[in-house]
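Asker: Here is what each chain is made of, one letter per residue.
Protein chains: 2
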Amino acid sequence: MTGRNAFYAQSGGVTAVINATACGLIQEARRLRLQQPGSIGKVYAGHDGILGALTEELIDTDLESDADIARLRYTPGGAFGSSRYHLGPLATHRRHFERLIEVFRAYDIGYVFINGGDGSMGAAWHLSQTLAELGYPLQVIGLPKTVDNDLVLTDTCPGFGSVAKYVATSMREAGFDVASMARTSTRIFILEAMGRHAGWIAAAAGLASGHEGEPPHLLLFPEVRFDAERFLARVEACVQRFGYCTIAAAEGLCDEGGCAIGALPQSELPSHTQAGGVGRYIAELIHARLGYKYHLALADYLQRAARHLASGTDVEQAHALGVAAVDRAVAGGRDIMLTLHRLADRPYRWEIGEVPLTAVANRERRMPAEFIAADGFHITDICRAYLQPLIEGEDPPPFRDGLPDYMHLGNHRVPRRLQAFLP
Amino acid sequence: MTGRNAFYAQSGGVTAVINATACGLIQEARRLRLQQPGSIGKVYAGHDGILGALTEELIDTDLESDADIARLRYTPGGAFGSSRYHLGPLATHRRHFERLIEVFRAYDIGYVFINGGDGSMGAAWHLSQTLAELGYPLQVIGLPKTVDNDLVLTDTCPGFGSVAKYVATSMREAGFDVASMARTSTRIFILEAMGRHAGWIAAAAGLASGHEGEPPHLLLFPEVRFDAERFLARVEACVQRFGYCTIAAAEGLCDEGGCAIGALPQSELPSHTQAGGVGRYIAELIHARLGYKYHLALADYLQRAARHLASGTDVEQAHALGVAAVDRAVAGGRDIMLTLHRLADRPYRWEIGEVPLTAVANRERRMPAEFIAADGFHITDICRAYLQPLIEGEDPPPFRDGLPDYMHLGNHRVPRRLQAFLP
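Chains as they are written, first to last, in the working numbering: chain A, 1 to 423; chain B, 1 to 423.
Since the hints were derived computationally from the structure, they do not count as laboratory data.
Everything numeric in this text was worked out from a predicted model, so none of it was measured.
Among the hints, erroneous ones may be present.
From the structure, some residues in chain B lie toward chain A, with a derived Cβ separation under 8 Å [unchecked claim]:
no.	residue
1	Gly-3
2	Glu-173
3	Ser-180
The calculated lysine to any residue pairs, modelled on SDA-like cross-linking and capped at a C-alpha distance of 25 Å, are [to be verified]:
no.	chain 1	residue 1	chain 2	residue 2
4	B	Lys-293	A	Leu-34
5	B	Lys-293	A	Arg-84
6	B	Lys-293	A	Gly-119
So the derived label-pair ranges between C-beta atoms look like this [claimed, not checked]:
no.	chain 1	residue 1	chain 2	residue 2	range
7	A	Asp-405	B	Gly-332	40 to 50 Å
8	B	Gly-353	A	Gly-119	58 to 68 Å
9	A	Ile-382	B	Asp-255	44 to 54 Å
10	B	Gly-353	A	Arg-225	37 to 47 Å
11	A	Gly-213	B	Gln-35	34 to 44 Å
12	B	Leu-232	A	Arg-342	43 to 53 Å
13	A	Asp-405	B	Arg-342	51 to 61 Å
14	B	Asp-405	A	Ala-374	48 to 58 Å
15	B	Leu-290	A	Leu-290	53 to 63 Å
16	A	Leu-418	B	Gln-240	41 to 51 Å
17	A	Asp-405	B	Gly-38	49 to 59 Å
18	B	Gly-135	A	Leu-290	51 to 61 Å
19	A	Gln-240	B	Arg-105	27 to 37 Å
20	B	Ala-369	A	Leu-34	51 to 61 Å
Positions of the beta carbon are idealized from the N, C-alpha and C atoms, including for glycine.
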């Protein structure tokens, strides 16, 4: 007896550990179909996520060895390709949903796993509802994934712990560099971190600071409206007191007008400065107003791809969620997203829970007020207690010839059975 | 019988391993003065390098425990502070040299170790010559240090191997990220690397590419004049062939006019673009001309401070040079810089040599023509054979609470004995 097959889609921006979730999911499916025949069949992965289902670009994960699937655990990026493709409303995009039914029926797909953020959970719910309405009920299960840590109802999101560890480490290291030369050279260092709507990643940089005076000195969050005069006064006070000032700024910083600062029209910037990112804006502002030389780092994709410095906690959680998704699917779960539930801070204990997709879809969690220092420029001890366990543990990949030995799967496409389809 | 004391100065931009050199030097001095009484006395470190000698801001390294000195091996930045201070010519700055003699005499300094790049070796030679002329002969020994890898007559420079490992790892990781989403999102990724005059660091990013088509696809070196049309044609061909294009660009890239591209006046840039760094220039150029969405990373200090990802080879060489400097000093060495001499590529074998300070002072080593691919956009196999051993080996620092457990020395200043001096 063969169980129904599964379709797995990576969705949205990739992370250092999304493949660890894929690894856990595929490993558990392989284990279960041997031990509980009829429970689950093949795992097909969509090439570029849900887009691969529309185009019938399906990857047969059975064609990968157990050893290669195990190596997914330590390979960053999205092994099968990811996308932010929107299926659209049924009223105007009925052909999308009819195509999905055609493909899912052809491959006897009974389980769909969507590995993504809040937008992807909205898409997962929409998919489930629409296909049920059209007479093809599926068990859709969401798996959290986002470096932004902005999903509600879960303690954290896989991907965040690793980017948090990366930015905190990077800030600590750069801080040692700047401190060495501040008296005669550069006094200002700015690290621009990801985070368009929430300051979780910039907050994590704050973990590098063990006590007052240690880098980073100032954090800039999207949750706190940027007040240039207050900020400049703090920078100057910091330089006077410690000899230098290090800053982690979230890319989504907003000013009194509410717009993202990096997107300000050039005419509104101080003269002779360039727009194009919050970090550069802040740097030029300090230079123009206080006259200090600055250095600016823009970690960009480096931060979310840095598997070499992944958090052990993050890797473990990402993998465990993949395993649990299969277990809950064969137990009948549907229209849920799996969550991480914190039982204790220190030592950190957690378990896997679940919430309805509707409870998390298209909702963003910003930093609570009690996580942000009263002056708006740093994190509180409550925030530290929350963040600390998420960056703990090291789980380096194997190295070969001095570099991480990451792996490309074969990604063998299933030969097409259906007519071509142009989404 | 007490040997003469030593003065150790960190000079110029700091690295992930300059403290490993300090560690080796202090450890060897401690060992020798026990085993060969009279050979060497205390090691004083200058606060902010040579500046600390002028201002009599001396750090007595004897006040640090053996355990803390050992921890220097894995702590980035310059533990005693570094500077690029210029003493000036004797004719106009005689008081500087007289002051140095006053301080060195007061502390019975017989050995001076300058840990820096080609400019610092010039300063070391100038110091040695001038003080001898003024009747205070010293044994001055230079220790190489620069992420730029641009010192002549040494196989490599401590600091470079680690930044090389960092940029190659970062490029590989970002490459996995970009490849995951290129079909539906970002097709262009640019990493701006350090290297104002020489392309060594950008070249090292090339190690991430095991075969054609693997990131990075294109490298931009200061040694190759930037030709925008040829470059854009290669970017487009790369996107057509592989679906995306990843680029590592040295910050010192030059165009036909010979000027650093990041310094071009804004009027010469394509309209609506912003100057301020080669990476952004290249990114905006691609966007304006080819229309592709891009992501840009600016590693800045992160690359040279990334001790968490240091090259084992680099750490070992940096430490060994510190040890050797003391040995050569007590054996009578003077006016030399220690070098690394390559005996074999694979397995890498090396030994420590020496050259006169005059042979390395103020000379820069750019990449030889045979290291650069015929089309100017990548490295050759000869270059790979040279670079490969320099990034090999991992030597991670200890971690505590999820972050590298770097250390601040006490840096106890010797109480001042002399009149204050304003340099």
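Asker: Could you tell me whether the CB distance from Gln-240/A to Arg-105/B stays inside 27 to 37 Å?
Answerer: Roughly 36 Å apart at Cβ, these two residues keep to the hinted range, so it holds.
Asker: Below or equal to 25 Å on CA atoms is what counts here, so check Lys-293/B against Gly-119/A.
Answerer: holds, 21 Å
Asker: Return holds or violated for the Cβ distance of Asp-405/A and Arg-342/B against the range 51 to 61 Å.
Answerer: Since Asp-405/A and Arg-342/B have Cβ atoms about 25 Å apart, the given range 51 to 61 Å is violated.
Asker: Starting from the hint 44 to 54 Å, judge whether the C-beta atoms of Ile-382/A and Asp-255/B obey it.
Answerer: At roughly 52 Å between Cβ atoms, Asp-255/B and Ile-382/A fall inside 44 to 54 Å, so the hint holds.
Asker: With a cut-off of 25 Å on the C-alpha distance, tell me whether Lys-293/B and Leu-34/A pass.
Answerer: Violated, at roughly 45 Å.
Asker: In this structure, is the beta-carbon distance linking Leu-232/B and Arg-342/A contained in 43 to 53 Å?
Answerer: holds, 51 Å
Asker: Under the criterion of a CB-CB separation shorter than 8 Å, is Ser-180/B in contact with chain A as hinted?
Answerer: Hint holds; Ser-180/B Cβ to chain A Cβ min 4 Å, cut 8 Å.
Asker: Just to be sure I understand the hint, the distance between the Cβ atoms of Gly-135/B and Leu-290/A should be within 51 to 61 Å; is that true here?
Answerer: For Leu-290/A against Gly-135/B, whose Cβ atoms are near 45 Å apart, the range 51 to 61 Å is violated.
Asker: Assess, step by step, whether the Cα of Lys-293/B is no farther than 25 Å from the Cα of Arg-84/A, and give holds or violated.
Answerer: Given that 25 Å is the threshold and the Cα spacing comes to 15 Å, the pair holds.
Asker: Taking 53 to 63 Å as the stated bounds, is the beta-carbon spacing between Leu-290/B and Leu-290/A within them?
Answerer: violated, 38 Å
Asker: Look at the Cβ atoms of Asp-405/A and Gly-332/B and judge whether their distance stays inside 40 to 50 Å.
Answerer: holds, 47 Å
Asker: Min Cβ distance, Glu-173/B to chain A: is it shorter than 8 Å?
Answerer: Since the shortest Cβ distance to chain A is 4 Å, the answer is holds.
The structure fails hints 1, 4, 10, 13, 14, 15, 16 and 18 (numbered hints given earlier, in ascending order).
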